[in-house]
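Undergrad: So the chains spell out like this:
There are 2 protein chains.
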Amino acid sequence: MSAQPAPLSGTPRTRLRRSRERTVTDRAVLAEILDEAMFCHLGVVVDGAPVVLPTTFAADLGPDAPDAPHGTLYLHGSVAARSLVAAPGQTVCVTVTLVDGLVLARSGFHHSANYRSAVAYGTPRPVTGEAKLHALDLLVDHLVPGRSGTLRPPSRKDLAATTVLALPLTEVSVKVRSGDVNDETEDVGLPVWAGVLPLRTVASAPETSADCDLPVPDHVRDRAKALGTAD
Amino acid sequence: MSAQPAPLSGTPRTRLRRSRERTVTDRAVLAEILDEAMFCHLGVVVDGAPVVLPTTFAADLGPDAPDAPHGTLYLHGSVAARSLVAAPGQTVCVTVTLVDGLVLARSGFHHSANYRSAVAYGTPRPVTGEAKLHALDLLVDHLVPGRSGTLRPPSRKDLAATTVLALPLTEVSVKVRSGDVNDETEDVGLPVWAGVLPLRTVASAPETSADCDLPVPDHVRDRAKALGTAD
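Protein chains in written order, with the numbering used here: chain A, 1 to 231; chain B, 232 to 462.
Hints in this document: simulated from the structure, not taken from any laboratory.
Fair warning: there could be bad hints in the mix.
Derived pair list, reagent style EDC-like, types lysine to aspartate or glutamate, alpha-carbon separation capped at 16 angstroms [claimed, not checked]:
| # | chain 1 | residue 1 | chain 2 | residue 2 |
| --- | --- | --- | --- | --- |
| 1 | A | Lys157 | B | Asp418 |
| 2 | A | Lys157 | B | Glu415 |
| 3 | B | Lys456 | B | Asp442 |
| 4 | A | Lys225 | A | Glu207 |
| 5 | A | Lys132 | A | Asp60 |
| 6 | B | Lys456 | B | Glu267 |
| 7 | B | Lys388 | A | Asp60 |
| 8 | B | Lys388 | A | Asp187 |
| 9 | A | Lys157 | B | Asp291 |
| 10 | B | Lys363 | B | Asp418 |
| 11 | A | Lys225 | A | Asp60 |
| 12 | A | Lys132 | A | Asp100 |
| 13 | B | Lys388 | A | Glu184 |
| 14 | B | Lys363 | B | Asp389 |
Chain B regions said to be covered by chain A (calculated; three or more residues, Cβ under 8 angstroms) [as the list claims (entries may be wrong)]:
| # | region |
| --- | --- |
| 15 | 258–268 |
| 16 | 299–306 |
| 17 | 338–352 |
| 18 | 357–363 |
| 19 | 386–400 |
| 20 | 423–432 |
| 21 | 450–459 |
Cβ atoms here follow ideal geometry from the backbone N, Cα and C, with glycine treated the same way.
Based on the sequences and whatever the hints tell you, model everything.
TA: Written out as structure tokens, the structure is:
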């Protein structure tokens with residue numbers, strides 16, 4: 001029997017001030033969001049102003065460190081990246097957003113989006129040594145499961161040029177909006193169409209590099225299939 | 232003949248420190264990103280820490296105010312939203328990201344993403360009166376062009392509950408990565424598949440509200456068609 005993970009606990013920052021019915025405290029929903037999303041937005045404060053940059057991430061939801069009983073989110077980038085240089089020792093915000101649809105109401109006011117988002121706050125720590133290699137594999141496998149084992153391992157130069165940060169998933173809020181339009185009762189009879197336009201991210205057929213004559217491997221085909229395809 | 236818009240100009244904040252070859256100074260690319268993306272991430276500083284939240288936006292690229300000769304980005308939300316309450320009078324960061332694909336190299340180090348992103352900094356001003364109504368229409372039409380004219384107009388109550396902010400698109404950086412994998416020359420011969428897995432956001436068939444018996448209107452069908460569909 002596996003232990004029940006603790007529910008997401010509120011702090012003044014993560015306790016939602018509005019739309020409390022959209023708050024989700026089930027860690028399984030957090031895990032699902034972190035599994036499905038491929039990108040996040042990292043917010044740091046530089047010279048007193050916010051800087052928000054898109055980046056990839058990976059989540060390790062097993063306990064891996066004393067400060068992260070609920071798992072760790074890994075970020076990486078160039079050692080010269082302004083956002084990563086600024087991050088250790090200060091509070092950062094990592095936001096992961098999945099948009100599931102446009103909610104088209106009879107009034108502009110009730111237009112909305114169906115979405116699932118996770119917002120994590122914390123002070124990231126640099127990851128080094130064996131743990132860094134593990135995190136780099138997770139970062140690749142998060143995009144395409146099974147890929148890291150097929151690659152040329154990181155060189156000394158690669159490692160020196162790459163910063164990996166770990167953010168404990170301790171202070172996290174999860175918000176979900178799903179389902180139908182919520183119009184004012186008196187608007188329902190108006191001659192205005194209302195409904196949801198579902199949205200999703202899909203893949204197209206993999207494009208082999210110009211200098212590669214190998215067939216598309218199963219792990220890439222499987223990834224495209226899992227995302228669904230459109231052409 | 233239309234005047235040539237000024238190129239995007241660098242400030243210490245928007246001048247990219249790395250990957251300068253990815254910097255784009257053509258305002259047409261900015262316009263394209265703002266047109267195609269439906270959501271942005273708004274970063275503000277609250278109690279010294281960054282807060283990053285997903286939200287919708289609209290862009291008005293015509294000159295609409297003396298401080299915005301290059302256009303304005305509109306944001307809106309509840310008057311109670313922490314991020315919007317904090318925003319006026321302080322510097323905010325709005326990041327718009329379109330992910331076009333996963334770049335799968337022969338080493339983890341050269342894994343990347345094809346993407347187009349715009350990062351705008353500035354001090355937003357509250358929008359009131361007629362300009363607020365205009366901005367609210369733009370916010371709806373940005374999601375589904377042509378929809379605002381079909382809706383019940385905003386009520387006094389709607390307007391009182393909604394904050395609209397305008398951010399002049401003055402300090403903006405645009406970054407684009409596209410095309411094939413960039414592997415180390417010595418890695419090209421390795422028996423590792425390399426290539427790009429293209430990604431895009433598509434719609435599924437519109438879902439009419441349970442309490443609506445009207446047919447799906449053309450503006451919604453057109454939007455789904457423009458996005459492309461997958462089922």
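Undergrad: All hints, please: hold or fail.
TA: Hint check:
1. Lys157/A <-> Asp418/B: Holds: Lys157/A and Asp418/B sit about 14 angstroms apart, inside 16 angstroms.
2. Lys157/A <-> Glu415/B: Distance ~12 angstroms between Lys157/A and Glu415/B Cα, so the pair holds.
3. Lys456/B <-> Asp442/B: 24 angstroms, violated
4. Lys225/A <-> Glu207/A: 14 angstroms, holds
5. Lys132/A <-> Asp60/A: Holds. Lys132/A to Asp60/A sits at ~13 angstroms (cutoff 16 angstroms).
6. Lys456/B <-> Glu267/B: Judged against 16 angstroms, a Cα distance of about 14 angstroms means the pair holds.
7. Lys388/B <-> Asp60/A: Outside the cut-off at roughly 45 angstroms; violated.
8. Lys388/B <-> Asp187/A: 14 angstroms, holds
9. Lys157/A <-> Asp291/B: 45 angstroms, violated
10. Lys363/B <-> Asp418/B: 55 angstroms, violated
11. Lys225/A <-> Asp60/A: At roughly 24 angstroms apart (the allowed maximum being 16 angstroms), Asp60/A and Lys225/A break the hint.
12. Lys132/A <-> Asp100/A: 33 angstroms, violated
13. Lys388/B <-> Glu184/A: 12 angstroms, holds
14. Lys363/B <-> Asp389/B: 12 angstroms, holds
15. 258–268: violated (count 0)
16. 299–306: Our answer is that it is violated, as 0 residues pass the Cβ test (under 8 angstroms) against chain A, missing three.
17. 338–352: holds (count 9)
18. 357–363: Violated, because only 0 residues of the region 357–363 of chain B bring their Cβ atoms closer than 8 angstroms to Cβ atoms of chain A.
19. 386–400: holds (count 4)
20. 423–432: Satisfied; 10 residues make the cut.
21. 450–459: holds (count 5)
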